[in-house]
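Asker: Work out the full structure, taking the sequences as your base and the hints as a guide.
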Amino acid sequence: MALGSKNKNEKQGSVGRKLKILLDKLHGEKHWMYPELIRILSERCEVSMLQKKPLDIKQMSQSDVFMLISPKKSWEDSEINAVHEYVESYGGILAIITTQGRKPKNINKLLETYGLEVGGEVAGEKILSREHLDDSPLLENVDTIALGSITIGCTKIMASSEATILCKYKGDVLGAKRDYGKGAVYLFSCLGAFDDKQLERLDNKVFLNNMLKSFITPEMKSTLEVIESDEALVKPDSVESIKKQRETSLKGEIKVCWTKDFKEMGFKNPAAVHTAIALDAKRIIFEYQGKLQIYGFLGEQKQITTIKPYGICDLAVSSNCSKILLSGKNKLITYNRYGSEAFKVDSYAEHMSVKMALDGRISAAVGKEYIQLIDMKGNFLGALHSAWGSKFLGGRAEFLNVLISPNGSYIVHTSQGGMALNYVAVNALPERDVLLQIPERERSKICFGDEISVDKDIALSWYPASASNKRLTLVLNNKICILDINGKEIQTFLGPYPLEEKSLSIQDIQATSDGKYLLYLTYDKHENKTSFNVFDVEKSSKMKGLLEFPTSNVKFIPSHDGSNVVFIIDKQIKMIALS
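The opening residue of the sequence shown carries number 333 in the working numbering; numbering runs sequentially from there.
Quick caveat, the hints were computed from the structure, so don't treat them as lab data.
One should not assume that every hint holds.
As the list claims (entries may be wrong) - Derived Cβ-Cβ restraints for the label pairs, each shown as a range:
hint	residue 1	residue 2	range
1	Gly503	Gly447	18 to 28 Å
2	Lys553	Ser911	17 to 27 Å
3	Glu880	Lys514	48 to 58 Å
4	Gly452	Ala604	49 to 59 Å
5	Ser911	Pro386	45 to 55 Å
6	Lys384	Asp593	31 to 41 Å
Said to hold, decoys possible - Pairs of lysine-lysine, DSSO-like flavour, derived with a Cα cap of 30 Å:
hint	residue 1	residue 2
7	Lys687	Lys634
8	Lys514	Lys435
9	Lys861	Lys871
10	Lys887	Lys623
11	Lys861	Lys583
12	Lys529	Lys600
13	Lys405	Lys357
14	Lys437	Lys357
15	Lys553	Lys600
16	Lys357	Lys583
17	Lys592	Lys887
18	Lys640	Lys687
19	Lys876	Lys903
20	Lys390	Lys553
21	Lys514	Lys390
22	Lys514	Lys384
23	Lys811	Lys887
24	Lys640	Lys906
25	Lys887	Lys871
26	Lys404	Lys385
27	Lys663	Lys709
28	Lys634	Lys435
29	Lys529	Lys661
30	Lys529	Lys634
31	Lys709	Lys458
32	Lys600	Lys587
33	Lys384	Lys545
34	Lys502	Lys404
35	Lys687	Lys404
36	Lys405	Lys385
37	Lys514	Lys352
38	Lys876	Lys587
39	Lys500	Lys352
40	Lys458	Lys362
Ideal Cβ placement from N, Cα and C applies to all residues, glycine included.
Answerer: Here is the structure:
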């Protein structure tokens, strides 16, 4: 008994660790049938495997959870006694996930002490809908539980009055918990919800997360952090909720999280690497030569998937990483975060860049003379052709840039010839409203004085400040101009403002989605030095030289709020946190 108390105190004193799970493999468990479940458990927890007899109480006592995934073989009395001691005296958790057809009498021999029992079959259903699921903490943010097949259905659980019911469907108990001694026993009979295909569904993933959360204690911070990052997948964040994530001002403090060489990641050509950040899911997505690589913010590789050779030229990702859109040769292809192809549609041009609304519902792709809009179910919403706007754009010309608002309601695009910015309501395609028209004779009156040039692209960022007030940021020749837009009226909010001296060239500039900051690179050709800088729009102040690189070969990819930035420098990738 004293040994059990000592072990529990050691666990409680271990701050920031992961939940420790010991998976049993002595009783006919078929782990090979559930690789995604094992992978997710390993991603969140410290997982080890019990593969050799005898069932060792010392090994069990080093874990928080002893988990059985669909056991079938019988249990010896000595093994049952070891499990009983682990739960009652060592404060461990026995967690069993099973399904029908796995010889319940064998597992019931282990369970009878705890007043739990695996019973008869439940009528097979592919989807367990929330309207028939009783309220439970395990069902928080879960609308349905998908089982996939009625042949892998559920079995009833018989539970004594001392047990807590965790999952109940149409009166049948599918999950229960029994506190016992210092520990507890959990029994679930819905293993079909955790096969590979069903775990692609967000609701099933959340159900698993909720199950793990019921096992953990506050000191297991490493597991909690991974689960919390996945909770962003429950419902797409609105623009307003994303704004609330950055209520404090940036201080310009840089923390380098990790650095990797291209060789380590399998990248040979920096220019061919396509990158995006899904902030809410804490994921960084790389595409290189037909492989989709997903990393966490700590630099750990989450997944690598070989994709079809469509000749990828750009990618975009929703903030929760539920949708990854790639533009390829005459195709727009969407993958989910697990690397499974969701759909593909024909594109209007070979070379296209893509932009996506923050919630991932709407995307815009631009290539040569076309802008194409799709939703994330693969439906075509409409297209714009540069010739259609010839009265504004000065004749047939290529599109140079397109932006889509964070809420997906509007796009703004620029084109050569006549130097116009067009503002288009997505639900009003193909109607077009000219937002800003800059005839050559009037250029000195708008924004940039005589420095604007019709044969150059302009960097612009656009975001809604509110339902009725929108802003547009333009950058050209080291000057910025930020416009307040109310309907079709334009009011200068700030500008023209000399962002940098003429001796420095601005290499790249991107705005945060809340519009508070401009993140940009400058290059000093005399010192061969690239600097990373932040411009605070509201304060009209700069934070200069936050990072410096002795090369001109630098590009960066920020998260939508600017708090995390990936740099690609020559043959190296660097991840920073900006506070």
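Asker: Going through the numbered hints above, which ones does this structure break? Give me the numbers in ascending order.
Answerer: Per hint list: 12, 15, 16, 28 and 35 violated.
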